[in-house]
Amino acid sequence: MGMDMNTKLRDFHQARWDEPIIYELSRKGERGILVPEADQVMQSHDEGLGDIPEGLHRKEPPNLPEMGQMRVLKHYLRLSQENLGADLNIDIGQGTCTMKYSPKINDQLAANPKVSELHPCQPEETAQGLLKMMYETEQYLKAISGMDRFSLHPGGGSHAIFTIASIVRAWVDSRGESDKRDEIITTIFSHPSNAAASKLKGFKIITIYPGPDGRPDIEALKAAVSERTAALFITNPEDIGIYNSRIKEFTDIVHSVGGLCSYDQANLNGILGLTRAREAGFDLCFYNLHKTFSSPHGCGGPGGGVVGVTEELAKFLPVPLVSFDEGSGRYFLDYDVPCTIGKVKDFYGVIPVILRAYAWIRSLGDEGLKEVARVALLNNNYVFKEILKIKGASAPYAEGELRMEQVRYSWEKLTKDTGVTTTDIQNRMFDFGVHYWTSHEPWIVPEPFTIEPTESYSKDELDEFLAILRHVANEAYTNPEIVKTAPHRSVIHHIDHDYLDDPKKWAITWRAYKKKYTGYFEPKERKDG
Amino acid sequence: MVSTAKKIGLIINPIAGMGGAVGLKGTDGKDTLEKALSLGASPRAPERAREALDMFFRCGTEAFFYTCPQDMGENVLKEYTKEYELVFPHFKEKASSRQDTLRAAKRMEELGVELILFAGGDGTARDICEAVGLRVPVLGIPAGVKIHSAVFAVTPKKAGELAARFLDGKVRNLKESEVMDIDEEAYRKGEVKARLFGYLLVPWERSKVQCRKSGSMMTERVVQQAIAEEVVSTMDEGVLYLLGPGTTVKAIADRLGIEKSLLGVDAVLDGMSLGRDLAEKDILKLLDEYPKVKTVVSPIGGQGYILGRGNLQLSPRVIRNVGKENIIIVATPQKIASLHGAPLLVDTGDSSLDMALVGVYPVITGYREKIFYRVEA
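Residue numbers (the working numbering), protein chains in the order written: chain A, 75 to 603; chain B, 4 to 380.
Bear in mind the hints are in silico, worked out from the structure with no lab data behind them.
Backbone N, C-alpha and C define an ideal beta-carbon position, used for all residues, glycine too.
Check before you lean on any hint, since a few could be wrong.
Okay, derived cross-link-like pairs now, DSSO-like style, lysine-lysine, Cα gap no bigger than 30 Å in a straight line [stated by the list, open to error]:
no., chain 1, residue 1, chain 2, residue 2
1, B, K10, A, K590
2, A, K578, B, K173
3, B, K173, A, K579
4, A, K590, B, K173
5, A, K578, B, K295
6, A, K579, A, K589
7, A, K465, A, K82
8, A, K216, A, K444
9, A, K579, B, K9
10, A, K188, A, K216
11, B, K97, B, K10
12, B, K160, A, K579
13, A, K558, B, K160
14, A, K558, B, K10
15, B, K160, A, K487
16, B, K178, A, K273
17, A, K487, A, K533
18, B, K178, A, K487
19, B, K178, A, K590
20, B, K297, B, K173
21, A, K490, B, K38
22, A, K278, B, K295
23, B, K95, A, K578
24, A, K254, B, K327
25, B, K178, A, K578
26, A, K558, B, K95
27, B, K178, A, K579
28, A, K278, B, K173
29, A, K590, B, K288
30, A, K589, B, K173
31, A, K254, B, K295
32, B, K9, A, K589
Some but not every residue of chain B turned toward chain A, in silico, with C-beta under 10 Å [stated by the list, open to error]:
no., residue
33, F67
34, V157
35, R175
36, K178
37, S341
38, L342
39, H343
40, G344
Okay, chain A solo, but in the shape it has when bound (with noise of 0.2 Å):
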């Protein structure tokens, strides 16, 4: 018997294995591969290590763990059973993650050896396929966006924005204005890479709160607007999934004293198809190929965050550009590109997720696009109508506003009524195989949690996710202390947070853990870790 269709509660538990880390399941000697031995020749020929200068040889091979394949094997499934994923639970709650259904065949597709054996550095005529493909996924952002040009470079969301930050910093320059127009405004509920890749690029960061309606004040806007003003970088709608309908009035405030606008649509999966930078009064923006486009994504990477510009800015942008040359009717790899900021990542791109995402588009078509949208603004709005029924929760700002494509609720009722907060509730969920994510922080809507159904679920899985949150928050008002307690059918009952918060006790490598741990820094703390 499985689970209960009418409480569609599943009896859920994962798998715990108590897995050590894979250093310390290494024996002396144990082999995945038994690597011939190099022939006589090949060991006396002067290829190999003879060309390689005495001083830079390794005097003890590197510290890798030993260990025969059959065991690694078991290793990685073991971890990923203590895993969830896009494949296995309902991820509508990792909310602005947009953590839809990407086609399996896209995935083959990328792994064909037509395109995974190409090698980055073979002429441009041998690889007129693969040109093309990169050549015609920008003819169709360009459409989506209304942009004149696009660099399909970098490597994720963060990397596109410093990318973005780059060209308004060689803008500025080109202009002789670096001691003048040193300010960046952006909105609190934009993602925070905005302000950090500004600042890196070192701008003065300023920050718009919403007014009480949830959008930007755009009083605190023509406030905050000046000769300083170097760029507005600005998301739509924003985290707490409300659309800001007044967006043309915030980039010609930022236009009327000479500044860019760059729009950060690394979801845009609420109004693909159906509004267009470049009709907002947009400079710039950029896309999430592994959000909104359907790359697989998590853990950081790999993703594709590709770059749109206006005429105007295309001289500024990353080479190489892909263009078609009509008298050859060949593509090429453009360099021509007057006063680029340069490289930003090595070759041309993440080709297999430029790949994917170009399947994506094709197979669905413009109205297939825009059905993307519809559907993912008609399944947001059905769980948000539903949310907002369970005791204790709410959605700040905008009251009796429909929402776009995601939401951030609020506990806050809840955790007055019961000492139960989010984190709490966030790990009960993990009891019947589902998690929810936050906010980031700062915490501006309190007790928060983001929900993003997308449109690729169907509506009995949104209602097993929805029942789940409802039996979670019931639980807090009827025995608030299974739901402190939780989890209690995961892999790990308590992670102490401390060790996220002071770095003295970080170990992100093997090495670092050996050096803070089995030596003098408090070797028994680990194990509830």
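On the provided structure of chain A, position chain B as indicated by the hints.
Chain B in isolation, oriented as in the chain A frame:
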């Protein structure tokens, strides 16, 4: 006494929170307590302390307690442990009073406790602040009607857990946290005017202390130093700076290498202190002398008042003299986040001035970082 046991003080204000249930908004003042009792109020603090101690002892921390007799600690504590001593044998009067809280806290400091755990409200926090200042870490179990101070854990259970983790050395961060209290007389008449009374040193950890739910990787102190760097880098020569109260403004004085009164208004000119803890008349005198003046203020307490709570010395006359455009507001992003979208506020006592001060202001939130934020009256 076990040698490895850490020393901890426990003070329970047995009458804290009694006014709340009967609608009296606090129990400061003897008459009010009698009224509360006559209305059928029952003690709340012992139960709250029990919740905290339940959790504390569940954590298995070895601790030796110093506490007060009867309902100020011993009655509850003896349910859990025999490892304790009393800091004094009897109350000063028939029942416990404020004087007992003061001398208990002082005695605990002398005994070298690592933490004073107390159950009470803002009034109790004020008393302990008066007794030990910033010399001993203190943590509040929320039990009073008024909880405006940032020295209380979110819940009694979290207080017990945080106290145990602090004694075990698992939590090492200490934060100078505001002790706020409202004028209870005014509060009973419907006016909420929380004022800054001082600071206590409070252990904090993500999600366990009230108002610290928005903790970030950067500690508050680092952010305050960044703000100070920004303010100092834009300070003009020949301009008199009036530095208001609070730890964020104090960081500016620290950066300048001058002493700053934590609760007072100090004057600085070209990096030199011209006076500390100034009264309104001192400030007005300085204003006569120096025509160019700016004042640096930061929101005090959880409600976001930049004028009219902890800094009455910056009176309507002073503010009119300084001018709206010369008010520099500084605040950590965490402080702004804790307002949850509510505006900053002014309440100078002069409503026409308050209205004139309404508007959108730049607020310095870090090094080369500011926000534009609404100020309302």
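The hints, checked one at a time:
{"no.": "1", "hint": "B:K10 <-> A:K590", "in the structure": "holds, 29 Å"}
{"no.": "2", "hint": "A:K578 <-> B:K173", "in the structure": "holds, 13 Å"}
{"no.": "3", "hint": "B:K173 <-> A:K579", "in the structure": "holds, 11 Å"}
{"no.": "4", "hint": "A:K590 <-> B:K173", "in the structure": "holds, 15 Å"}
{"no.": "5", "hint": "A:K578 <-> B:K295", "in the structure": "violated, 46 Å"}
{"no.": "6", "hint": "A:K579 <-> A:K589", "in the structure": "holds, 11 Å"}
{"no.": "7", "hint": "A:K465 <-> A:K82", "in the structure": "holds, 19 Å"}
{"no.": "8", "hint": "A:K216 <-> A:K444", "in the structure": "holds, 15 Å"}
{"no.": "9", "hint": "A:K579 <-> B:K9", "in the structure": "holds, 24 Å"}
{"no.": "10", "hint": "A:K188 <-> A:K216", "in the structure": "holds, 27 Å"}
{"no.": "11", "hint": "B:K97 <-> B:K10", "in the structure": "holds, 28 Å"}
{"no.": "12", "hint": "B:K160 <-> A:K579", "in the structure": "holds, 26 Å"}
{"no.": "13", "hint": "A:K558 <-> B:K160", "in the structure": "holds, 11 Å"}
{"no.": "14", "hint": "A:K558 <-> B:K10", "in the structure": "holds, 29 Å"}
{"no.": "15", "hint": "B:K160 <-> A:K487", "in the structure": "holds, 19 Å"}
{"no.": "16", "hint": "B:K178 <-> A:K273", "in the structure": "holds, 28 Å"}
{"no.": "17", "hint": "A:K487 <-> A:K533", "in the structure": "holds, 27 Å"}
{"no.": "18", "hint": "B:K178 <-> A:K487", "in the structure": "holds, 28 Å"}
{"no.": "19", "hint": "B:K178 <-> A:K590", "in the structure": "holds, 26 Å"}
{"no.": "20", "hint": "B:K297 <-> B:K173", "in the structure": "violated, 43 Å"}
{"no.": "21", "hint": "A:K490 <-> B:K38", "in the structure": "holds, 28 Å"}
{"no.": "22", "hint": "A:K278 <-> B:K295", "in the structure": "holds, 26 Å"}
{"no.": "23", "hint": "B:K95 <-> A:K578", "in the structure": "violated, 48 Å"}
{"no.": "24", "hint": "A:K254 <-> B:K327", "in the structure": "holds, 26 Å"}
{"no.": "25", "hint": "B:K178 <-> A:K578", "in the structure": "holds, 19 Å"}
{"no.": "26", "hint": "A:K558 <-> B:K95", "in the structure": "violated, 42 Å"}
{"no.": "27", "hint": "B:K178 <-> A:K579", "in the structure": "holds, 20 Å"}
{"no.": "28", "hint": "A:K278 <-> B:K173", "in the structure": "violated, 37 Å"}
{"no.": "29", "hint": "A:K590 <-> B:K288", "in the structure": "violated, 58 Å"}
{"no.": "30", "hint": "A:K589 <-> B:K173", "in the structure": "holds, 19 Å"}
{"no.": "31", "hint": "A:K254 <-> B:K295", "in the structure": "holds, 26 Å"}
{"no.": "32", "hint": "B:K9 <-> A:K589", "in the structure": "holds, 29 Å"}
{"no.": "33", "hint": "F67", "in the structure": "violated, 23 Å"}
{"no.": "34", "hint": "V157", "in the structure": "holds, 8 Å"}
{"no.": "35", "hint": "R175", "in the structure": "holds, 8 Å"}
{"no.": "36", "hint": "K178", "in the structure": "violated, 13 Å"}
{"no.": "37", "hint": "S341", "in the structure": "holds, 8 Å"}
{"no.": "38", "hint": "L342", "in the structure": "holds, 9 Å"}
{"no.": "39", "hint": "H343", "in the structure": "holds, 5 Å"}
{"no.": "40", "hint": "G344", "in the structure": "holds, 6 Å"}
Checked against the numbered hints above, the structure violates hints 5, 20, 23, 26, 28, 29, 33, 36; every other hint is satisfied.
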